[in-house]
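Asks: Put chain B on the given structure of chain P with help from the hints.
Going line by line, the protein sequences match chains P and B. Reading the first sequence from the start, the letters are residues 1 to 304 in UniProt numbering. Reading the second sequence from the start, the letters are residues 1 to 304 in UniProt numbering.
These are calculated hints, taken from the structure and not from any lab test. Take these hints with a grain of salt, some might be off.
Identical chains blur together in the list; that is why a pair holds if it fits in one copy or across any two.
[As the list claims (entries may be wrong)] Quick list of in silico lysine-lysine cross-link-like pairs, DSSO-like style, CA-CA up to 30 Å:
1) K294 - K191
2) K192 - K284
3) K267 - K192
4) K191 - K270
5) K270 - K192
There are 2 protein chains.
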Amino acid sequence: MSETNNAAEFTTVTVLGGGVLGSQIAMQAAYHGKDVTIYDPFQESIDKLPARWAWMRKGYSEDLADFAEEKFEEAVARIKATTDLEEAVSDVDIIIEAVPENLELKRETWAKVGKLADERTLLATNTSSLLPSLFADSTGAPERFLAIHYANRIWKQNLAEVMETPKTDQAFVEKALTFAKETGMVPAHVKKETPGYFLNSLLIPWLNAGSDLYMNGVGTPEDIDNAWKLGTGFARGPFEVYDVVGFHVASNIASTSEDETRQRFGKKLKEAIDAGFSGIADGKGFYVYDENGKPVSPNEFFAN
Amino acid sequence: MSETNNAAEFTTVTVLGGGVLGSQIAMQAAYHGKDVTIYDPFQESIDKLPARWAWMRKGYSEDLADFAEEKFEEAVARIKATTDLEEAVSDVDIIIEAVPENLELKRETWAKVGKLADERTLLATNTSSLLPSLFADSTGAPERFLAIHYANRIWKQNLAEVMETPKTDQAFVEKALTFAKETGMVPAHVKKETPGYFLNSLLIPWLNAGSDLYMNGVGTPEDIDNAWKLGTGFARGPFEVYDVVGFHVASNIASTSEDETRQRFGKKLKEAIDAGFSGIADGKGFYVYDENGKPVSPNEFFAN
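Just chain P, same shape as in the assembly:
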């Protein structure tokens, strides 16, 4: 018994790339009744999917109040995977690309897909760090192409940032917003191409403000986080968020900044990585965490 009903605009979904996020996009669509195909050029990626479903089953069951085991099993059954690109993309309602963040790879992938896909198909990239207009023309149909940006743990952080390029037809923007809603996501429409979409456009200035205070000797990470949390009532301060993001990602971003203070911050994070701290994932970042991921004390490394 499929959840797909006659009112739904989308029936078939193809996801390009069966990695961490591609597999989550596929499951989220299948869990909401879509027939899903995953294309991945590597059989070993496809072989890993059962382990990914097991991990997601745990996440869905823990995080969704209305989780139904049977519904999840039906979703798994609705997902097929293939290494044959033509079979995957030639007759579907939407194609969502989640291949690695490499511009040449995106261009090559979309050039092939654009030739094989049907003229009705909505084309979407999940890129997080590249502007979609950089490879829109590769599709051969930039008017049907846009970005739908998902976050990790998609079933819980169910935000879909739908971003058009200057060439996207508004009818396809509307379709993408509809697709997001049909698959349990809350769409947010980014009406002009913006690096970082909405979320990172807000997060990065806030994180930078925190690291600037710290690097300029104005305060400790703990005091800065406490001021934010007590003053706003929000759940986490900037240094707790740095620990979630992880020092590898954060140091790379900071190091590419032209601002001297942020470069120093990137260097400090790299020193921390060398000293064995990289964030909540390994239990030590700006804070030391217990086995449940709760901060128990500030990390002495950042005390001065």
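Replies: Relative to the frame of chain P, chain B by itself:
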């Protein structure tokens, strides 16, 4: 039965100014066992204090899980008010100034107080918009002078930002941190003078990032807020915070910016005020609020 015990470093507290925040600082200290004197040059301000205690009694009882009516009444009894400056300041452990945000008035006030206060007394300003070093020398004792910055609804948002000037003696910084803890506050030590302390240093870039996205036509306030909340799990997005701050304050800040986009945002907020919207306080800001202060819909005024 006073809460003050022999271990406490602070016994007597004087607050200069019995206004909205001065009266809250006084009550918070008295509720934690201090003997408090409020100085205000205007008898009519002093006459308003009973009404302020009634408002705070409601706040304390609603917000504090361990609220005790008797303890609150004892606190009221421990607060005396006077229009006599010499009587108020000559023999106390700490003087906290909460007079209006006018540099000349702060300088005049501290010049008088500095002459009258004892040499042991810790001198603190609650200024939010002026750097304390601008009037530190007026005290005649800049080594004993610093800022302790409180937020509105002090009993709930119990953050005390303790900010030193380049002339403050570290022993008095330590005393201020101790005073904060002895009065139920969580101190955050701002080690270098910074406009906006920690909290506004983090809030303002984040709020600016939100208003820039909106003013540049990238998205609606609702979509931007949703992206933030879903992406971070935090309680409110930037436009909900603008509604809490209020358009009068926000438009004044934006209008003083040298950035053209922020000036336009300030103008937009002023137009909204003229149209009858100023934030959550009057039920309509970026959102329309119900009688419980919950947003029920976006305000059409900001739809485009």
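Asks: Taking the hints in turn, state whether each one holds.
Replies: Here is what the structure says about each hint:
Within a single copy, K294 and K191 get their C-alpha atoms only as close as 38 Å, which misses the 30 Å cut-off; across copies the closest is 27 Å, which meets it. Taking the shortest alpha-carbon separations for K192 and K284, only the inter-copy value of 27 Å comes in at or below 30 Å, while the best intra-copy value is 38 Å. Taking identical chains as interchangeable, the C-alpha atoms of K267 and K192 lie at most 30 Å apart only when they sit on different chains, with a minimum of 22 Å there against 33 Å within one chain. With identical chains, the CA atoms of K191 and K270 are at most 30 Å apart between copies only, with a shortest distance of 25 Å across copies and 36 Å within one.
Taking CA atoms no more than 30 Å apart as the test, K270 paired with K192 passes between copies only; the shortest distance there is 26 Å, against 34 Å inside one copy.
The earlier numbered hints are all upheld by this structure, with none contradicted.
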